[in-house]
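Taken in order, these protein sequences are the chains called A and L.
Taken in order, the first sequence gives residues 1 to 554; the numbers are from the numbering used here.
Taken in order, the second sequence gives residues 1 to 262; the numbers are from the numbering used here.
Calculated from the structure, these hints are not laboratory results.
Derived DEER-like restraints, expressed as beta-carbon distance ranges:
| hint | chain 1 | residue 1 | chain 2 | residue 2 | range |
| --- | --- | --- | --- | --- | --- |
| 1 | A | Pro299 | L | Gly166 | 54 to 64 angstroms |
| 2 | A | Ile30 | L | Ser25 | 38 to 48 angstroms |
| 3 | A | Phe388 | L | Ala241 | 28 to 38 angstroms |
| 4 | A | Asn111 | L | Phe36 | 41 to 51 angstroms |
Here chain L is said to cover these stretches of chain A; the calculated rule only asks that three of the stretch's residues, wherever they fall, bring their Cβ under 8 angstroms from a Cβ of chain L:
| hint | segment |
| --- | --- |
| 5 | 104-118 |
| 6 | 180-192 |
| 7 | 249-256 |
| 8 | 317-329 |
The structure displayed is predicted, hence computed values, not measured ones.
Cβ atoms here follow ideal geometry from the backbone N, Cα and C, with glycine treated the same way.
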Amino acid sequence: MMVSQLTRGERQGSILIAAAVALCGLALAIAGRNDPLGVHGAFVLVGSVALIAFLLSRLDSPEPDVSRRPSEYYDDPIKVGIALSMIWAVFGMFVGVWVAAELAWPSLNFNTAWLSFGRLRPAHTTGVIFGFGGNALIATSFHVVQRTSRARLAGQISPWFVLLGYNLFCFLAVTGYLMGLTQSKEYAEPEWYADLWLVVVWVTYFVLYLRTIARRKEPHIYVANWYFMAFIVVVAILHIVNNLAIPVSLGHAWSYPIWSGVQDAMVQWWYGHNAVAFFLTAGFLGMMYYYLPKRAERPIFSYRLSILSFWGITFFYMWAGSHHLHYTALPHWVQTLGMTFSIMLLVPSWASAGNAILTLNGAWHKVRDDATLRFMFVAAVFYGLSTFEGSFLAIRPVNSLSHYTDWTVGHVHAGALGWVALITFGSIYTLVPSLWKRERMYSAALVEVHFWLALIGTLIYVFAMWNSGIVQGLMWRTYTESGTLAYSFLDSLVAMYPYYIARTLGGFLFLLGAIVGCYNIWMTVRASPAAAETALKDLPDARWAEGTATTPAE
Amino acid sequence: MAELFHRKIERTAIGFVLAIIAAASVGGIIEIAPLFTIDETVEEAPDMRPYTPLELAGRNVYMREGCYACHSQMIRTLRDDVDRYGPYSLAVESRYDHPMLWGSKRTGPDLARIGGKYSDIWHVAHLTNPRDVVPQSNMPSYPWLARTSLRTDDLGLHLAAQQLIGVPYTDEMIANAARDALGQALPDSDYAAGVQERYGDEAQISAFDGVTTELTEMDALVAYLQVLGTLTDAAYENTVAPEEAPNAEDLAAGPATTSGGR
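Extracted from the complex, chain A is given alone in its bound form (with noise of 0.2 angstroms):
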């Protein structure tokens, strides 16, 4: 699939792009052949010889009809990309649940270094947000770019050079943290020359999106891609700055940042934070502003809302990050901006949830029969919940309790499954169809299930996290009446370990449900094609019949 819509030249033009690499993993293998990091220059090098064979094989394969390109859109990629954010999924959800299953059974890593808490648990979070997350934005922003601008992406090997370029530097982080290559920066693990690929591929990105933007048939731009071009934007701003540092040497994988103490502390967390408002937050809200009024066939509530929200969104994010530093050695005053910023961020994240929810006035009949529907108005309830449970953990004093314990973890998680994970469901059951031109998804019964076993296992593990974070904070500050302190770190300890099995049953429900997906999504691809009608709508040049459903209502 991959190569047939390519030419000749285009294939010999990837095949060049996969001979650099291969040199830049060569180099690397030989510079650190005394270091993991020639382990990661190997795994490069063998990846794109490989990938350099398969072209080969297939460069004589017939060539596709270039003429008919400017009226096709470009979904190839989409597909692939669909395909990997679910493999993510699986891996980074089945990493979460045995680290969870690890705090309350230590003994499960077998005294090997590699399934230990500490490497595994950043192989958890990069797999998911980046390896689940990032694979579904691209694939995702790929489509909604194509359709909302009613042109085919601006590229033929770019797509796929962003893509596996991308799965590239999830693939050096997360083996590099088993390894134990890691700059313990958290959610920026990876160490100098992932960071530095990931640049060149971001930009890549960057130029492609803005490029198809371009070649728009409408002449405005659709608020979702207003989301799409912040995450891209921000987050190479946020990942640039942060990751700044000094390696070793050039054969030493293993780096040290240029920034330090305080200052590090505060860019980690302007970084830390904003990860999640641009990756987590702005690049899922673009997929909510196109999926769920396409899926409701119901258009936008309000334009002026959109606005709002995103500049609001664009503007106070950046200031929120230091409240992750309250009580700490960070200057007073920034801590008190942080807070300041943190509960204005209210107001705009409620614009986005309440602009979703009242987009679905009308549809709500269609909210309780439809499971995929279903999935992305729970993701805006949840968006909702955990931006005020956000505000609301940023004031100081309730920070004092919050902090270091459980409570973060399980809000994190609230809006992790529950807000990211949901709304990424439902629209990927919303794309596939349409994608592979089929009528509907394989089950209906199964998508039912799959709702069902996301939300309680979601349910299941904040409930657990807010128990624990809550007892955990007040043990630890509890006084006797002589005044001294009422328990010991230990105490506070013993007390967790029902929740963190109540966790780990949570997090498994929600693998299950994530199983469940990636059986139906695989078995509607192996149906057999819709009637050709069905597809001819979803061509540049149709105007959408009832495509009003992304444009905004006034």
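Place chain L on chain A using the hints.
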């Protein structure tokens, strides 16, 4: 009016991107840039020293194993934090930390002042199998640390990289990095004296893992844990009283006393 303006900018992709960059830059610039220019941000601590090569190598093991995911190194200005862990952390204490390891989660206790609280042998036993010394612990065991010899041939490069980004390592420290690492864990060797010569009399020379025939990752990690909180005395001088936790009025009033809360 505003809506008309927006109708205009959403017609140009480049203009829209520039507007996003402008709106998104303000917060970071205002909150981060002054941290480099306002002198009060980081306190003075003339007695502060950088990590020895062995401690730095131990710090890298700490990072590699992801210890930061469960242990903070940042005691907050809250009474219960101070009573449990010691004087609250100052910015200067992590000024040479590239990166900082303040952490965000306490599945285990804070480690900012763990140095000197337990013996070397306790740390070795605890890291090898935490449940041997703390039966209820859920910390992973790290038996491979004592079996894995420490790579020292490139420690000079590590120090040189740190020197480049502002850590006050001298060229002499860089040249002697591998020897100093060995000397710090081999008290009877000829190299031991050089460590205190270069890093001060307070630098601990000890057979950290109890074995003096081989330098292991366990030596490095224990050396690092034992130095935490001891690089400067600044936190024990001239600091104001910690804040009461917000619900403190419910609790018995009384002077903050250091208890065996750990």
